[in-house]
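Participant: Given next are the chains, with one letter for each unit.
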Amino acid sequence: MKTLADLQAIKENLQSQMDLRNESHADTRIAVGMATCGIAAGARPVVTAFSDSVQEHKLHGVSVTLMGCIGLCSQEPIAEVTTPKDGKVIYVKMTPEKAKRVVEEHIIGGNVVKEYTIDNNK
Amino acid sequence: MEFEELSLNILDIALNSVKAGASLIKISVTASTESDRLVVEIKDNGVGFDVNAYEKETAQRLNQDSAPKKSGGNGLRLFKESAEKTGGSFELFSEKGSGTSVKAEYILNSPLRAPLGDMAETFAALMLSEGERDLVYTCVADGEGFTVNTAQIKEQNGNAPGKNYGTIKFVKDFIKENTENINKNRFF
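Taken in order, these protein sequences are the chains called A and V. If you use the numbering used here, the first sequence corresponds to residues 1 to 122, in order. If you use the numbering used here, the second sequence corresponds to residues 1 to 188, in order.
Everything labelled a hint here was simulated from the structure, so no lab data went into it. Mixed in with the good hints there might be a few duds.
Listed next, the stretches of chain V that the computed footprint assigns to chain A, with coverage defined by at least 3 CB atoms under 8 Å from CB atoms of chain A [unchecked claim]:
(1) 1–12
(2) 74–83
(3) 117–131
(4) 149–158
(5) 161–171
Here a beta-carbon is modelled for each residue, glycine too, at the ideal position from N, C-alpha and C.
Please build the complete structure, drawing on both the sequences and the hints.
Facilitator: This is the structure we're talking about:
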């Protein structure tokens, strides 16, 4: 069983990540709708998939957070991804797998995953 | 509408505490075979609200069939119903300025009780919400249990501000493993 003492190891790991920081991801924000409608549609594993993926790829400057209902309940789970390059992109009907792809292609690769955006799902 | 897992109700209610500006949110899940109860409590020190006014508003809303069914504001009702349909009970205490406490008591072995579900994911999602606050989760089943306190974790991490995705992953795994260790498919 893990104990909280294991966090010391995480702290050291965090230190090494800081040294490798990649400034190109600064000011990148991922917000997942977590109002009652979002939760019911499956937003919880989507936000944790984003968080885990940011951790796995050791991305620095990317913030993963929650947001409220933006009035598009039938399109939930919704994720808003804001980058300096593309501004705000709204992804709809998200899943954990789609979240991983958005991190890899949009945030790391710099290419919006068009097939998941709200404009292509009306 | 209802949630498939109680841990989703818990996330929904705890996010009300986040919105209420709480600097401390305490969640506890206690199962007892002897009393055949599963008790879920969520307490915060947020702004609180007027319970009477809330109940009046809810009653009015339910009477307005023509009103659009918005999902906002349904969380407490969903949580209440999830407990009461098992034959359990629900209590809500809140006062302006002194926080809110919600307690749902389920009949542990009722076939109508939804599974607790993934509390590790619920806690991780709470750690991802905007702003800084302390979160405490305690889970006990027949006297065996564990606690996670983000204030303690923060201290061990040298009180660095902001989110640390490595820590969030660690806490998620910690809750998952410990829940499995005490549960062994018996309680939740």
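Participant: Taking the hints in turn, state whether each one holds.
Facilitator: Hint check:
{"no.": "1", "hint": "1–12", "result": "holds (count 5)"}
{"no.": "2", "hint": "74–83", "result": "holds (count 3)"}
{"no.": "3", "hint": "117–131", "result": "holds (count 8)"}
{"no.": "4", "hint": "149–158", "result": "holds (count 5)"}
{"no.": "5", "hint": "161–171", "result": "holds (count 8)"}
Consistency note: the structure conflicts with none of the earlier hints.
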